[in-house]
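Since chain A is already given, all that's left is putting chain B on it; use the hints.
Here are the chains, one letter per residue:
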Amino acid sequence: MKVEFELNGKHIDADVEPRTTLADCIRDQLKHTGTHLACEHGVCGACTVLVNGQAVRSCLMLAVQAQGERVVTVEGLSREEALTPLQTAFRKHHALQCGFCTPGFITTAHALLTEEPEADEERIRDVLSGNLCRCTGYVPIIQAVLEARSAYAHKDDHE
Amino acid sequence: MKLPAFDYASPATIEEAVALLATRSGNAKIISGGQSLVPMLAFRLAAPELLVDLKRLQGLNRIVIGEDGVRLGAKVRWCEIEHDERLKGAHPLLVEAIRHVAHYQIRNRGTVGGSLAHADPAAEMPGIAITCDAELTVVGPKGKRIDKAFDFFKGSLTTSLAPNEILTEIKLPPWSADRRWAFLEFALRRGDFALAGVALHYHLVDGKIADTHIGAIGVGDRPLRLHAVEAVLNGKKLDEVAIEDAAKTARESVDPPSDIHAPAEYRRALIGTLLARALRRSAG
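Protein chains in written order, with my numbering: chain A, 113 to 271; chain B, 19 to 302.
The shape of chain B in the complex, shown without the other chains:
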């Protein structure tokens, strides 16, 4: 469990960081909190020639709440989201999801950008990005580009990031206080990656569900939006019939993986159960 050998650089600006990433023909990697990357190195699943530490870069650790939504810099750590009193009102779904990320010690170093760029299909932050139609800012040699979350996640541990690009910020669209929401996940032990999880939010208009957003983690090769389930719920009253319909549709619309943690059928059943529970919880 000793890491493979690599070179290390700690640039002071984002331009320097991007330039450094280009020096090893694609075999350099960004490190910040290191909570996903260092275990990958320990298992020799990654063997970069160069690690570029974002530690000295300024301005990537801000949480900005404005009319355009909630913007999180790539270096914002989980503990900073947990402790930000403003976010409890500005994005309660985000705060609840982040409470489920790993363990106390990891939440003190793990970052928003690291989790998004690592793109584990069971991770909470990518799930929230997909559920909320987040926009991700990426900086590369040609400057800035904005990617929609849907276009960013390409598969398990795979994103749209080029080897010489750096994710700098995620923007979640504005939240309104009257939105109904819930986040639920199930893991065998607290802090483990979830076997499955659900994030959802919607409006009630004259007692009927509207503008539903439902995301699922742990049941695909990337975080998923369950559009078929959203369609089932939009325009309905939130009663047990609608909840059972939604759960059935959720089970039918995923094709989860089997691994040593759980077989596909278990995950399929779980996503229906979690969705039903989440809908009941959101009703208050």
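Bound-form chain A, shown alone:
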């Protein structure tokens, strides 16, 4: 089946089986392997992408359901020239070790802080409870997201 959507700002024209998840389409067909797949049934959060700005699990969405939508993966949140504030904060606080879960945490945190730059620690913990990490024990991730808030508040003022 034909499906057309926007991926990280670029128009995509793909031919998929109806059963292909958005995650598999992004990774296997479009070769954007930044989106990671672990549980493949909506528990771990590693495959989180943004659909029209909202964080969703790409393993629980069919690629054909992305027809006409705006999809952003972790690749779409990076910058050529330098680390983003979220990446900088993750690096500073050692918010990753093996890195497998990191794309899911980055996309989820980005969606949250874009919508709620004032999110308090309790809110951040609640939102990130949908992502599993087996290395860090979560505390460094919470610290990193807390620190990155200021960059999003600033951005908000200018847009």
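Hints are computed from structural coordinates only; laboratory data are not their basis. Worth double-checking, as some hints may not be accurate.
One side of the interface only, derived from the structure: several residues of chain B facing chain A at Cβ under 8 Å [stated by the list, open to error]:
# : residue
1 : Asp25
2 : Pro57
3 : Ala60
4 : Tyr122
5 : Arg127
6 : Gly161
7 : Arg269
Ranges of calculated distance between the beta carbons of each label pair, as one might list FRET restraints [what the hints assert, rightly or not]:
#  : chain 1 : residue 1 : chain 2 : residue 2 : range
8  : B       : Gly77     : A       : Gly165    : 22 to 28 Å
9  : B       : Ala37     : A       : Asp125    : 52 to 58 Å
10 : A       : Ala194    : B       : Ala40     : 56 to 62 Å
11 : B       : Val259    : A       : Cys151    : 54 to 60 Å
12 : A       : His153    : B       : Arg80     : 29 to 35 Å
13 : B       : Arg298    : A       : Asp125    : 56 to 62 Å
Predicted, not measured: the structure shown is a model, and the values here were computed from it. Built from N, CA and C at the ideal position, the CB exists for glycine as well.
Positioned in the frame of chain A, the structure of chain B alone reads:
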């Protein structure tokens, strides 16, 4: 964890959708948010020949608050309930219950209709439907029918929906601002399905409890109304004696399942504890 093969259709009208459901002799399924169905497909617990996506259907994503109550279209997503400022006053019990549904990412896609039609006995929305005497609108080949929540849930993952019917709306009766209420559930990790949960609301008339509604999730094969507990509380003052009586009756009136998450006895004890806590919380 790859899905079984199926065909996919994305009709533009509800009539088309109903007609498509009839084409595979009962082996077609509705998909919208997919947050319950896709895991079922991944585990091969469901293997429909055809998925009919409600994505293009208009008018199923409205939240309407009126004198007849709160009406939620089947495609209303959890995040839309969370962010609707009007609902905080129009149905605080609904908003509090929905805050407990799964995780952030799932709340961005999961829908009211999907949860009701999936009918997990531990899910929050079916629990609210039962607690509040909701009415569900179902569209099929012969037109519309209205089902009371009590008649809609038939068992674990089983509803009154025929294979060619689509749930389009749920209506919760009007809420009044002076109702006392609480929602509590217990899960081992935040966002998991609850081991047990309680929703309740009632009036205080001259200091006495009246018109009590108590619902329980996770302790039966479907969301339950605890009528025996309601009877114990109606006409009483909300004191510790009444609360302990209610908790005891709740423990006695459920027959919860045992599974890998918790034994039946644990769930039985939990429902009493949650009910007592919920009653204390509702007292303010």
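Numbers of unmet hints, in rising order: Hints 6, 7, 9, 11 not satisfied by this model.
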